[in-house]
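Student: Heads up: the protein sequence lines correspond to chains F and C, in order.
The opening position of the first sequence corresponds to residue 1 in UniProt numbering, with each subsequent residue numbered one higher.
The opening position of the second sequence corresponds to residue 1 in UniProt numbering, with each subsequent residue numbered one higher.
Check each hint, because a few of them may be wrong.
[As the list claims (entries may be wrong)] Straight-line distance between alpha carbons at most 27 Å, and here's what the computed DSSO-like set of lysine-lysine pairs gives:
#, chain 1, residue 1, chain 2, residue 2
1, C, K261, C, K21
2, F, K5, C, K236
3, C, K259, C, K21
4, C, K23, C, K259
5, C, K45, C, K236
6, C, K173, C, K236
7, C, K159, C, K45
8, C, K259, F, K62
9, F, K62, C, K21
10, C, K23, C, K173
11, F, K62, C, K23
12, F, K5, C, K21
13, F, K5, C, K261
14, C, K23, C, K236
15, C, K173, C, K113
16, C, K113, F, K62
17, F, K5, F, K62
18, C, K159, C, K73
19, C, K159, C, K113
Because the hints were derived from the structure by calculation, they are not lab data.
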Amino acid sequence: MKVHKHTPDYLILLLVVLISLVFFIANISNPMRQYEIIISLSFLYIAWGIFHHARNHDLHLKVVVEYVVIAVIGILLLRGAIFH
Amino acid sequence: MNRFIFPIQHYFFPHHSNNYKAKSLHLSSLLFYVALLLLVQFTVKTFRKDYPEILGYAKDVNINRILTLVNQKRQEAGLSPLALSPLLTTSATNKGNDMFGNNYWAHISPSGKTPWEFIRETGYDYDYAGENLAKSFDSSDQVVDAWMNSPTHRTNLLKPEYTEMGLAVINGKLLGEETTLVVQEFGTRTLSDTVAQITPEAIVPTQAVAVVLPPNSFSATTINTVPKVVVYTPLKSISILTAEFLLVVLFLDGIYMWKFKPHRLSSRTLAHIIFIGALIGAMGATGIGAIL
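Between the sequences and the hints, there should be enough to build the whole structure, so can you do that?
Tutor: Here you go:
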């Protein structure tokens with residue numbers, strides 16, 4: 001069976017996201033900690049994007065900026081939900 | 001017809017007009033969302049301070065209702081109802097204020113102060129004592145239901161040895177969150193203390209509050225802690241809607257990428273779907289009432 005060349009990278013991303021979600025839910029009574037977890041996840045997401053595109057030799061400033069902006073959107077969305 | 005279809009294609013679907021990536025996913029659009037979210041969050045929070053009655057809805061957590069519900073549960077279990085003790089209520093109020101003042105969510109304060117110390121400080125000598133905490137619930141019924149669904153809290157509520165209870169409902173900012181905190185202290189006075197307290201003045205309020213407490217029978221401190229209206233804003237709904245919108249557009253983009261595999265210099269749509277999907281999941285675990 002052919003394994004797609006991106007599969008290991010996406011598995012890493014899924015693992016990071018799932019672990020973050022577990023920590024997030026475990027801190028259901030501590031909104032400040034939840035916010036910190038989302039900020040950490042966002043940084044890890046940017047790091048994953050850079051790592052993934054570097055491995056695929058298509059790392060470009062525009063691509064990095066897209067990951068950064070999506071991560072910032074993520075932080076803002078959760079800030080709105082947590083501190084409604 | 002094209003006049004209506006073209007904007008939809010341009011903004012939401014990969015198309016030759018948008019370089020095969022929905023305009024709503026272009027960097028300029030993403031930056032626009034960031035600016036819009038910042039503006040909305042800032043406006044809502046500023047507006048909420050000045051016009052609390054416009055943005056949001058009222059919370060209904062109050063001492064009378066909690067006392068009634070707790071005593072209903074006890075009577076259903078064949079137990080005697082609890083009287084509201086002014087001393088335990090003062091203790092609960094002090095504990096709640098200490099939690100807000102020192103920003104913690106725990107039975108024992110960061111300095112190591114236990115609930116028993118708060119109780120003893122008011123001059124209440126007890127044979128048995130206990131504490132239940134709750135925060136961020138919308139109604140008194142939700143608070144009592146959550147306690148009843150937790151074996152340890154339920155044990156406190158239905159402990160036959162308890163004869164009295166103190167309650168405080170306090171609004172404030174705890175761990176970065178605007179919340180309504182409920183502190184419930186249980187107690188059974190030591191026999192000598194009870195004998196000392198048996199005076200006509202002491203008996204009357206105990207009998208009067210056995211089921212429903214008259215609203216004006218609290219001390220001044222307690223009255224101040226009962227919230228009239230707690231305002232919550234639509235920020236969570238805006239966050240959920242924005243995330244869902246992004247997820248839908250990303251899915252459309254992902255389907256196109258998977259089907260046609262165009263060569264384009266861009267971040268990975270699937271990665272964004274995983275990230276935004278996780279955020280939507282996380283939003284489901286925010287603003288939920290918690291008990292301790």
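Student: Please verify whether K45/C and K236/C have alpha carbons no more than 27 Å apart.
Tutor: holds (12 Å)
Student: With the threshold set at 27 Å, check whether the alpha-carbon distance from K23/C to K259/C stays at or below it.
Tutor: The given pair, whose Cα atoms are some 19 Å apart, holds under the 27 Å limit.
Student: Take the C-alpha atoms of K5/F and K62/F, compute the straight-line distance between them, and say whether it is at most 27 Å.
Tutor: holds (23 Å)
Student: Check whether the Cα positions of K159/C and K45/C lie no farther apart than 27 Å.
Tutor: Roughly 43 Å separates the two Cα atoms, so the pair is violated.
Student: Taking only the CA atoms, is the gap from K259/C to K62/F under or equal to 27 Å?
Tutor: With a Cα-Cα distance of about 24 Å, the restraint between K259/C and K62/F holds, given a limit of 27 Å.
Student: Holds or violated: K5/F with K21/C, Cα cutoff 27 Å?
Tutor: holds (23 Å)
Student: Does K173/C pair with K113/C here, judged by a C-alpha cut-off of 27 Å?
Tutor: The given pair, whose Cα atoms are some 21 Å apart, holds under the 27 Å limit.
Student: Are the Cα positions of K261/C and K21/C separated by 27 Å at most?
Tutor: holds (12 Å)
Student: Take the C-alpha atoms of K23/C and K236/C, compute the straight-line distance between them, and say whether it is at most 27 Å.
Tutor: Distance ~25 Å between K23/C and K236/C Cα, so the pair holds.
Student: Holds or violated: K62/F with K23/C, Cα cutoff 27 Å?
Tutor: holds (16 Å)
Student: Holds or violated: K62/F with K21/C, Cα cutoff 27 Å?
Tutor: Holds, at roughly 14 Å.
Student: Against the 27 Å threshold, does the CA-CA distance of K159/C and K73/C hold or violate the hint?
Tutor: Holds: K159/C and K73/C sit about 11 Å apart, inside 27 Å.
Going down the numbered hints, you'll see the structure goes against 2, 7, 10, 16, while the others check out.
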